[in-house]
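S.K.: Residue numbers (this note's numbering), protein chains in the order written: chain X, 1 to 165; chain A, 1001 to 1106.
Rather than coming from a laboratory, the hints here were simulated on the basis of the structure.
Quantities reported herein were computed from a predicted structural model and do not represent experimental measurements.
Positions of the beta carbon are idealized from the N, C-alpha and C atoms, including for glycine.
Accuracy of the hints is not assured; some may be wrong.
To be verified - Cross-link-like lysine-lysine pairs, in silico, DSS-like; alpha carbons within 25 angstroms at most:
1) K26(X) - K91(X)
2) K1105(A) - K91(X)
3) K132(X) - K1103(A)
4) K110(X) - K1103(A)
5) K1103(A) - K162(X)
To be verified - Listed next, with one range per pair, are the computed distances between beta-carbon atoms:
6) V1007(A) - K162(X): 53 to 61 angstroms
7) K91(X) - K1105(A): 20 to 28 angstroms
8) F16(X) - K1105(A): 30 to 38 angstroms
9) V104(X) - I1071(A): 19 to 27 angstroms
10) D1061(A) - N77(X): 29 to 37 angstroms
11) T126(X) - N1092(A): 19 to 27 angstroms
12) D1061(A) - K161(X): 20 to 28 angstroms
13) I1089(A) - Q137(X): 22 to 30 angstroms
14) R1094(A) - A128(X): 48 to 56 angstroms
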Amino acid sequence: MEPSLPFYILATLSVFSALMVVLSRKPVHSVLYLIFCFFTIGCHYLLLNAQFLFAVHIIVYTGAIMVLFLFSIMFINMNKESEPHKNTLIKIAAGVLAGLLFLVLLEATKGAETLGPPSPNESYSTVANLGKVLYGQYLLPFEIISIMLLSAMVGAVMLGKKSVD
Amino acid sequence: MNNILHVVPLSYYVALSSLLFTIGVMGVLFRRNAIIIFMCIELMLNAVNLLLTAFSAQHGDASGQVMVFFIMAVAAAEVAVGLAILVMIYNNIRTVDINELNKLKW
Chain X
1 MEPSLPFYIL
11 ATLSVFSALM
21 VVLSRKPVHS
31 VLYLIFCFFT
41 IGCHYLLLNA
51 QFLFAVHIIV
61 YTGAIMVLFL
71 FSIMFINMNK
81 ESEPHKNTLI
91 KIAAGVLAGL
101 LFLVLLEATK
111 GAETLGPPSP
121 NESYSTVANL
131 GKVLYGQYLL
141 PFEIISIMLL
151 SAMVGAVMLG
161 KKSVD
Chain A
1001 MNNILHVVPL
1011 SYYVALSSLL
1021 FTIGVMGVLF
1031 RRNAIIIFMC
1041 IELMLNAVNL
1051 LLTAFSAQHG
1061 DASGQVMVFF
1071 IMAVAAAEVA
1081 VGLAILVMIY
1091 NNIRTVDINE
1101 LNKLKW
């Protein structure tokens, strides 16, 4: 088997499901395609030898964030094609703009192939080493993130509860 | 376990991330449902995460993965607050169509 085959399969699946997120009419279908897209991106993390990130990605994105999306869609009860079609001019303009952006990004990131072969160091992505980096070099951002999560939680609860008049 | 970058060039991952990011931008540009726009923003964040992981594997440096970890935490906070705001908007004006949400436009 070609050793690069998993990359091509996963890349095709992620691009296809990302397109379906944008193009499908019903919001619930978009959410389900987005879950699939996140799963394929998680498999890319596995291919890139980042097992810890794979676990965190599956738990946080597919486990928490997408469930939140599903909950709010069912709460709002939008599972109908309520969205009237924009006129085709705007769609074509959006497609052309996105295509141009893709070309600009490709052109701007040219030269990645001159970086040479990947580093032979394979022990950097073990959970032990990641923990050392996270709790050593990045200790202050880590603590700030915890405060940010706490304030986001308080904010979400404050926004979500019924206002007392 | 060897990572895939020994058989797939890094520029392929750059191209894949650019493509995913572009699809997210396209969704933000032409969808009207605010929740779908949120999902497209998540898609863009994930494209960047994938690129950071690829470069982390290229350089054998764990900092990129730590940065992905932080981005995930920020994305979780953003989604929680954003969806709470959207639900409150829906409770007040019974729609999440961004063409109706134009009170701050002019």
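S.K.: Now tell me, hint by hint, if it's right for this structure.
M.R.: Consistency of the hints with the structure:
1. K26(X) - K91(X): 17 angstroms, holds
2. K1105(A) - K91(X): 21 angstroms, holds
3. K132(X) - K1103(A): 49 angstroms, violated
4. K110(X) - K1103(A): 42 angstroms, violated
5. K1103(A) - K162(X): With a Cα-Cα distance of about 22 angstroms, the restraint between K1103(A) and K162(X) holds, given a limit of 25 angstroms.
6. V1007(A) - K162(X): 53 to 61 angstroms: 56 angstroms, holds
7. K91(X) - K1105(A): 20 to 28 angstroms: Holds, since K91(X) and K1105(A) (Cβ atoms, about 21 angstroms apart) stay within the stated range.
8. F16(X) - K1105(A): 30 to 38 angstroms: 35 angstroms, holds
9. V104(X) - I1071(A): 19 to 27 angstroms: 22 angstroms, holds
10. D1061(A) - N77(X): 29 to 37 angstroms: Violated: the Cβ-Cβ distance is about 47 angstroms, outside 29 to 37 angstroms.
11. T126(X) - N1092(A): 19 to 27 angstroms: The hint (19 to 27 angstroms, Cβ to Cβ) is violated, given that T126(X) and N1092(A) are roughly 49 angstroms apart.
12. D1061(A) - K161(X): 20 to 28 angstroms: 44 angstroms, violated
13. I1089(A) - Q137(X): 22 to 30 angstroms: 40 angstroms, violated
14. R1094(A) - A128(X): 48 to 56 angstroms: Roughly 52 angstroms apart at Cβ, these two residues keep to the hinted range, so it holds.
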